[in-house]
Structures are given as C-alpha cells and as structure tokens.
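Take the given structure of chain A and dock chains B and C with the ligands to it, following the hints.
Residue numbers (my numbering), protein chains in the order written: chain A, 1 to 323; chain B, 1 to 280; chain C, 1 to 355.
Calculated directly from the structure, the hints in this document are not laboratory data. Treat the hints with care, as some may be off.
DSBU-like cross-link-like pairs, simulated, lysine-lysine; straight-line CA separation at most 30 Å [stated by the list, open to error]: (1) C:Lys131 / C:Lys108; (2) A:Lys32 / B:Lys183; (3) B:Lys56 / A:Lys267.
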Amino acid sequence: MTDTPLNMVEADRTLVMRLRAWWSGETATPAKRVQFDRPLTPWLFLLPQLAVVVIFFYWPSVQAVTSSFYLEDPFGFGATFVGMENYTDALNSSEYLGTAAFTAFFCVVVTALALGIGLLLAVKADKVIRGAESYKTLLISVYAIAPPVAGLIGMMFFDMHMGPLKDLAAWFGYDLKVGINYWDTATALIVIAVWKQIPYNFIFFLSGLQSVPVSVREAALIDARSGWRRFWDITLPLLAPTAFFLLVINITYTMFDTFPIIDVIVKDKPANNPMTLVYKVYLDGFKGNDIGGSSAQSVILMGVVALLTVLQFRFLERRVHYG
Amino acid sequence: MQKIKPFDHLILILGALFLCAPVVMALMSSTHTAVDVHSNGLSLLPGGNGIETYTKVLTHRGGFTGDVTGLLMLRNSLIMGLGFAVGKIVLSMMAAYALVYFRFRFATLLFWAIFATLLLPLEVRIMPSYQVMSELHLLNTYTGLIVPLLASATGTFFFRQFFRSVPDELLEAARIDGAGPVKFFIDVLVPLSKTMMAAIFIIMFIYGWNQYLWPLLMTTDESFYTLMRGIKSILQVWVGSQIPDYNEAFALAVLAMVPPVAVVVIFQRMFIKGLTESDK
Amino acid sequence: MAELTLKSVGKTYAGGVDAVTDVTIDIKDGEFIVLVGPSGCGKSTLLRMVAGLETVTRGDVQIGGRRVNDLDPAERDIAMVFQNYALYPHMSVRDNMAYGLKNRGESKAVIEERVAEAARMLELGQYLDRKPRALSGGQRQRVAMGRAIVRQPAAFLFDEPLSNLDAKLRVSMRMEIRKLQQRLGTTSLYVTHDQLEAMTLADRLVVLNGGRIEQIGAPLEVYRKPASTFVASFIGAPAMSLLDAHIEGGQLLLEGHALARLGNAAGPVTLGLRAEDLRIVDTGLPMRVDYIEELGAQRIIHGMVGDQALAVTDTHDTPLGPEVRVALDPARLHLFDAQTGRRMDKRVEQVSVPA
Ligand SMILES: Nc1ncnc2c1ncn2[C@@H]1O[C@H](COP(=O)(O)OP(=O)(O)O)[C@@H](O)[C@H]1O
Ligand SMILES: [Mg+2]
Numbered sequence: 001m002t003d004t005p006l007n008m009v010e011a012d013r014t015l016v017m018r019l020r021a022w023w024s025g026e027t028a029t030p031a032k033r034v035q036f037d038r039p040l041t042p043w044l045f046l047l048p049q050l051a052v053v054v055i056f057f058y059w060p061s062v063q064a065v066t067s068s069f070y071l072e073d074p075f076g077f078g079a080t081f082v083g084m085e086n087y088t089d090a091l092n093s094s095e096y097l098g099t100a101a102f103t104a105f106f107c108v109v110v111t112a113l114a115l116g117i118g119l120l121l122a123v124k125a126d127k128v129i130r131g132a133e134s135y136k137t138l139l140i141s142v143y144a145i146a147p148p149v150a151g152l153i154g155m156m157f158f159d160m161h162m163g164p165l166k167d168l169a170a171w172f173g174y175d176l177k178v179g180i181n182y183w184d185t186a187t188a189l190i191v192i193a194v195w196k197q198i199p200y201n202f203i204f205f206l207s208g209l210q211s212v213p214v215s216v217r218e219a220a221l222i223d224a225r226s227g228w229r230r231f232w233d234i235t236l237p238l239l240a241p242t243a244f245f246l247l248v249i250n251i252t253y254t255m256f257d258t259f260p261i262i263d264v265i266v267k268d269k270p271a272n273n274p275m276t277l278v279y280k281v282y283l284d285g286f287k288g289n290d291i292g293g294s295s296a297q298s299v300i301l302m303g304v305v306a307l308l309t310v311l312q313f314r315f316l317e318r319r320v321h322y323g
Numbered sequence: 001m002q003k004i005k006p007f008d009h010l011i012l013i014l015g016a017l018f019l020c021a022p023v024v025m026a027l028m029s030s031t032h033t034a035v036d037v038h039s040n041g042l043s044l045l046p047g048g049n050g051i052e053t054y055t056k057v058l059t060h061r062g063g064f065t066g067d068v069t070g071l072l073m074l075r076n077s078l079i080m081g082l083g084f085a086v087g088k089i090v091l092s093m094m095a096a097y098a099l100v101y102f103r104f105r106f107a108t109l110l111f112w113a114i115f116a117t118l119l120l121p122l123e124v125r126i127m128p129s130y131q132v133m134s135e136l137h138l139l140n141t142y143t144g145l146i147v148p149l150l151a152s153a154t155g156t157f158f159f160r161q162f163f164r165s166v167p168d169e170l171l172e173a174a175r176i177d178g179a180g181p182v183k184f185f186i187d188v189l190v191p192l193s194k195t196m197m198a199a200i201f202i203i204m205f206i207y208g209w210n211q212y213l214w215p216l217l218m219t220t221d222e223s224f225y226t227l228m229r230g231i232k233s234i235l236q237v238w239v240g241s242q243i244p245d246y247n248e249a250f251a252l253a254v255l256a257m258v259p260p261v262a263v264v265v266i267f268q269r270m271f272i273k274g275l276t277e278s279d280k
Numbered sequence: 001m002a003e004l005t006l007k008s009v010g011k012t013y014a015g016g017v018d019a020v021t022d023v024t025i026d027i028k029d030g031e032f033i034v035l036v037g038p039s040g041c042g043k044s045t046l047l048r049m050v051a052g053l054e055t056v057t058r059g060d061v062q063i064g065g066r067r068v069n070d071l072d073p074a075e076r077d078i079a080m081v082f083q084n085y086a087l088y089p090h091m092s093v094r095d096n097m098a099y100g101l102k103n104r105g106e107s108k109a110v111i112e113e114r115v116a117e118a119a120r121m122l123e124l125g126q127y128l129d130r131k132p133r134a135l136s137g138g139q140r141q142r143v144a145m146g147r148a149i150v151r152q153p154a155a156f157l158f159d160e161p162l163s164n165l166d167a168k169l170r171v172s173m174r175m176e177i178r179k180l181q182q183r184l185g186t187t188s189l190y191v192t193h194d195q196l197e198a199m200t201l202a203d204r205l206v207v208l209n210g211g212r213i214e215q216i217g218a219p220l221e222v223y224r225k226p227a228s229t230f231v232a233s234f235i236g237a238p239a240m241s242l243l244d245a246h247i248e249g250g251q252l253l254l255e256g257h258a259l260a261r262l263g264n265a266a267g268p269v270t271l272g273l274r275a276e277d278l279r280i281v282d283t284g285l286p287m288r289v290d291y292i293e294e295l296g297a298q299r300i301i302h303g304m305v306g307d308q309a310l311a312v313t314d315t316h317d318t319p320l321g322p323e324v325r326v327a328l329d330p331a332r333l334h335l336f337d338a339q340t341g342r343r344m345d346k347r348v349e350q351v352s353v354p355a
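Pulled out of the complex, with its shape left as it was, chain A reads as follows:
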C-alpha cells in the first residue's frame, strides 16, 4: 500500500486496449516467470483432458452443426441435405417463436425475482449479528437440492389433490390448474425456479457485501444518516460487479438448468404448456425424432450461450481484479 506509480493510471484505458483485453482473456506475458521447457511432458499432462474434450465436446458439436443442415429420415434411412431449411423452418414456426418468447419472459422474471430476493436476504443477513450464522446456514442449505427434486417437491405443493398452494389459491377463489392451464403452469415453474436459485444469489451477494471494507462502511456511516442512502450510494455500486456476474449466471440458469424442473412439471406433455427453448430441443430431438430441426435449434442456442458465456468470462476476469 505504498505509493503506486502514477503513470500506470489512465494510460492503458483506451478503448482499443480495453477491447483487446476483453477478448483475449490472456495477457501476452507468460503465466509464470520461469516455466519448464520440455517438449513432451506437458502433452502427457494435457492428454486426458484433451481426449475427453475432443471426443465428448468437439465431435458432438460438429455433428450438431452438420446435422442441422440435413433432413434425417425418421426411420433411419439416410439423410438429405437441405441447406438452411431447418433454420428457416424453426425461425418461421409460430410454435418455436412462442417458446422463444416464453423463454425470454421466463428469464426476465426468474432472474429479477431470484436476484432481488437474494439481495434482500443477503443485505439483511449481513446486518444482523444475533443468529447470523443460523440464518446463513438455513438460507444456503437449499442450494444443494437438485432441480428435479425441487421440481418434484414443487409439484406436490401445486398438486391438484393435496397441494397447499392450490388450497391457498382456492381460498382466494382461484382454481389453480398446474399442468393444464398455461399461465398456472408458468407460475409454478417460476416459483420453483426462483426458489431453487435464491441460495446461490444469496451466497454471492453476501460474500460481495462482506468484501466491502469495514472502514468504507464506517466512513459512509459518518457521511450519511439514512441507511437507505448508504445502501443506494455506497453498497449497491460496490456490489455492481457481483450483480452483473450473477445476472449472466442467472440467465444461463433459467435457460438451461431449469430443464429438470420443466421436465418434472410438464412431464412430456407439451400440449398447451409453457417450456423453454432447451426443452424444445430435447422434445423435438428425442420425442419428435426431428433430428435436423432439433440440431438447428441447438445451433441457434449455441449462439445465444456463446454470447452469454463470453460476457461472463470477461466479467469473471474483472471480478478477480476487483479483488
């Protein structure tokens, strides 16, 4: 903490430099000052990982891309090249677009709720002293529950016969029909997905809050009377890196990791039920045997995920810099 040289300040903050750093993820300098210089050994260490990656990642990924240009005979008698047809089919189908719209809606709602509630709980857990550890344990424990288990438990809560939430809705005069009514099912999916994701956000927000230096909080205590002001002006901006990181993670979560929840709630009965794009890939591929169409959808999704991951990846490095 002695004097840092001043010239390192704004000099390297030009847009080009920033963009390059953004994309490269790697600095030009080697990871270590001294490295081993052996031609063969590193390959031996890398071999297992490389083998797995090539066989189980690149091979299927290439297959996904190629088969997205073919129309495969459902009975397995060869395939015909159809060019972009699978893509245009998908993008022109109202069913696909409807699913895409729901996925977007689902993402926004689940992410907003899970982030909001996670942040609220983290702020409160950070504040209290008595019982802080117990609250923390209780709020975190649900993290480890698998999405299908969450789906199963959620399904019971929304069950037609004995679900307490169904009873609750009935008490308000509403007939909740999860699995039959589109928006009722959507509600159930959202509630379960949010429930499952809150602990994750809570953990990150809490550790983000706790990494705000105590003295900075105290300085704020001297500068501002209102707790709300302090939160808004000091805490929240300092949490922004965490929040942005979580935003990407939550979107990825809603798009992909909710698959089991949807599978449990919707149970292969897509008729008039909401689902996400990933679930549709699975349904069309495995249940509908439309391999080409499913692959085309996969490739479209790949684009979306690639974008998200690049964002996340870049952000990750930045989080590390913030320390």
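Leaving out everything else, chains B and C with the ligands in the frame of chain A:
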C-alpha cells in the same frame, strides 16, 4: 453502533421459511401413508409410517425389470457424484498444470480449445452427444455416465487461476532443489492445493450427484439408474394411478437431497470459499 | 469547532473484553490531542466511541457541550480519517469529498467552493476527477484529509492515518497535518502507536495502557516526568533504561555502586536513566560494552551494569575499550516505585561518583 432491528429479522425469518419449509414438509410427509397425505395434505409433523416407507423405497424391487431398489439408485448416485468429482479434479489439475507451468508450442491454441467448452452446455448438444455415445457403445455404462460430463473446463479454469496465484519463487526454489516437473507437481503443487481441491470436490460432487438429463438419456438399463432418474420413473408411474405414492416420492426426494445438503451444511465455509472463488 | 469531553468513559465488548476503563479527558477547543499506546491498548476503541462507531458502555461523550452517546455518527458533526483511508472506490476524488456535504443538504455552490478550497490546500486540484485507485498512497491520504476538511466539523478524528505510508512520506504528511490543523484550528483527536509521531504532533499526549490512562500532559512534560515505568519506557527513543536499585542509608545503590545521596525512604526502587542524560567519562559507574549503534551524529552504547542493561548516548567517535565509565546528572534520574511502577519524588542531596 448496532441496533437490533426486528424488521430485519422478520425478513430473514420469512426468507428462511420460504426456502426451508418445503424441504421440512417433504421430509415430514414422507413419514405418513399415501392415503394420509392424499386426504390431509402435506404435513409439518412426523407421521408413524416412516420406517415402513423408507424400508420399502430402499429395498423394494421395482421398475420394469423388477430389479431396481432405492439402495441401488443411492449407490449409483454416489458413484456418479464421487466419480465425477474425482475425475474432474484429476483431469483439470493436470491440464491446468501443463498450461501454466510449461512453455511449449500450441499452448495458446490448446488453452482456447479447452476453454471453448465453457461456451456450450451439455443441454445444447445433447442429441449429437447421445449419438456419439451410442456409436462408442457407452450407453448404460458408468464410463458413459461420468466421462462425457468431464468435458467442461470449469475445473481447469479454476485451477489455472489458482496456479497463477502461486508465487513464482516456489518453482524457482524447487528447480534449484533439483525437482523435475512431475516431482514439483506431486511434492509441491498438490499439497499446496489441498484446501482448493476440497472446495472444488464439494461443488463437483453436488454437481455430479444432481445430474438429471444425462443419466436420463444414457441409462435404459435400470441397474444404472440414479436417484434423479428414479424420480423421473416414479412420476411416470403416477400417470393414471388412483392415489399416487406421495409418501414414496417424498422419501425418494429426501434420499436424493440429504447427501448434498449435508455436505453443504457441514462444509459450509469451505463450500462458500470454493463457490465464490471459483465462480461455478 | 468545539471542546470535546470524555467523562469516565468505558467500553466492554460483547465478548466481555474490557477495552477501555474509566477514561476522562477534557479537550479544549482547537487543541490537538494524541492518544498513544501499544497495539491493543484501546486507542481505536476510544476514538470510535467518540465517532459513534461503537456504543459507549459507560460514561459520557460530549462534543461542544452536547452529550452525543446516543447520536448516529452522521449527527455528531465529526470527521474521521481512517488508516486505510476508506475512500469510496467508485467515486471520483471530488465526489468522495462532496458526499457527506450533499447528504447534509448543502447547496451546490457551497459544496463546490469547499471542495475547491480543500483541493487547493492539499494540492489535489488536478486529481479531482480521478478514482481513488488511480492515486498513490500519499494522494489517497490527502483525499481522506480533504474529505474531513470540507465538512468543517466540530472535531477531526484520526485513526493511525499515516501508518500505511512509507517512512519518508510519513514525516512530511505529519508536518502537513499539524500545519493544517493549526490553520483551521479544529479540535483534533489523533490515534497512533508511534511515540515519535505522538510527540511531534500533540498539544497534549494521552498515554494509554490496557484501556486506562497512564498519563496526560504536554509532550515534553510527559517526556521529562513520565508518570510510570510504562510511560518511561514507551515515550522516548532509545527507551529509558530501567534498572533495579535500592536505597539504603540515604544512598541510592545500583549493583553495589552508590550513585547519589537521596532523602527517600530505604527500600528497593526502579531507577530510570535516559541515554542522553548519561555521559562517558574517565571515572564513574563501570559498564561493560555490549554493542554500539552508530547513528551518524551520535552513537548509542549498549552495555551492562552487573546483569542489567543500560544505554548511553555518546557524541564522540573515539574507539572504546571493553569497559567504560558512565557519569549521571542526579537531577535527571527518575525513581519509580519498585512494586507499582509509579513515579516517586526524589530528594537529591548529593551525587556520589563511585570509583
Ligand atoms: N469488536 C471487538 N470485539 C471484541 N473485542 C474487541 C473488538 N475490537 C477490539 N477489541 C479488543 O479491544 C482491545 C482494544 O482494541 P483497539 O481499541 O482496537 O486497540 P488499539 O487501537 O489500541 O490497537 C483489544 O484487546 C481488542 O482485542
Ligand atoms: Mg487501532
């Protein structure tokens, strides 16, 4: 200046209730009979049918082949969780070591080849992955269940970050002491990474244990069913039955969630460290 | 600007640690008070009670005659400078300084004027739009000072504000702080564990030990008449040598050598000798030379009298043998009660120079 704020506690209690009540009710309801659950709804208090239900779920032979029991699924889930965690740590530590500590041709290219796997989750390439597995005759094998899931660079990324934070002087000192790459890895780096390995192990164990889609596709042979797969089949049986076996479903859910939840609660500190420092 | 009063203030932490016990200090308007003591003696706790960052367990804290025990920090009209500066990392230097004023509803014009004034005083003008991470340690320190100045508070509170700077910068910042405070005339309470910093800054020193006040007084007064062995060994460098001696038949005896005739009662005493009050002479108290610290302008000779350590300042650079003779000025020797360590009055009658 800390003042006790009842409002803060109220919110925390509501939050804890929202998160934990469903779990408690699942646990409690699993100790009631199916008829009881059907007519009285979910329960917050234990019932008298617990031993019976769990004995049945754990030992009753079910499924189409009449071979699959809860115990078997429990064992398979354990194999899945442990195998995945161990495999992940071994593969990714080795790969990260090569990437950080060696100067060799194509290092940058390989780095990107491995890290590109972060771009596409399994769910997106599930169809072709299945086809590859069937071509390799890996359906219904533990290898098929575990190894393909290792093709993601999260662990490698984390260990790379960690190795880069290890002081340079360590390698320099080791080289002066005459340690070669293998010796340095085993004698210095592995012991140094112990806590990190433990933290990653916890997260990866949970990840492996909780896998759903992949086992669903990889296993048609019921002797390879995991608990997650079991949940899927118990739900399939429900369709059409008069009074579904709510209690058994809950018992299965409890079996499926107890080990990972226990791991998280017991190793809370280490788990949080692993999670927040490795970023998934 | 205001006086600051602590009345029998005490602090017991939740775990039962008694960090501060019965501290009473009257600080006059504009006075610069330094709390000094070893690490863990309760300095920060005391300061933070004044700031309102810790609750006051016992006693009263008054700022400008107003009891502030139950006021929020923001309501106490104080400003604080933290050891690690505690700048808001996401705000520019300007916003860091302005933030507290904004929250108090000051007008834009007033804020701007005060920030500009502080920036001018601290030579921060060209950095106003930078973020703290783009500043050097010394500059951050200035910003932290600026943030305190713009508030024009009743009192400045400093918690080891220079500890994170390198030695050279620490000395120059020390001077700046002192000059600024004299110019602004703001009552200041300053915490440090560095006795030199304390001596150079303070109007009055408060020496703390184990949560209690050992002595309050002007720096020279504390230096010349330390109230206890603790203060004696803490203030001044090299530390005062403390030796077991006793008085017998009106003679002060050290290791069998009679040093002075004293009118004090017979019995064991602790004898305190400052290195600079001793001289190397031809005849006097014999001392075995252990090692010599060369400081340039002078040297400090560390040696043993019997089996007790003694340090002597010497301005010559002639080579020394294994044994030297030391002379002392009886007016400058300090006596402390051998049991309690409290200072004793001494009644000097005459020096005796042992052969
Ligand atoms: N929040 C706290 N809880 C319990 N004990 C504390 C707390 N803060 C400080 N202490 C204890 O109070 C004593 C005085 O601490 P402090 O005022 O920080 O000392 P100093 O600033 O003089 O180094 C120490 O023994 C310290 O361990
Ligand atoms: Mg302190």
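To see whether the hints hold, each was checked on the structure:
| no. | hint | verdict |
| --- | --- | --- |
| 1 | C:Lys131 / C:Lys108 | holds, 21 Å |
| 2 | A:Lys32 / B:Lys183 | holds, 18 Å |
| 3 | B:Lys56 / A:Lys267 | holds, 25 Å |
Checked against the numbered hints given earlier, the structure satisfies every one of them.
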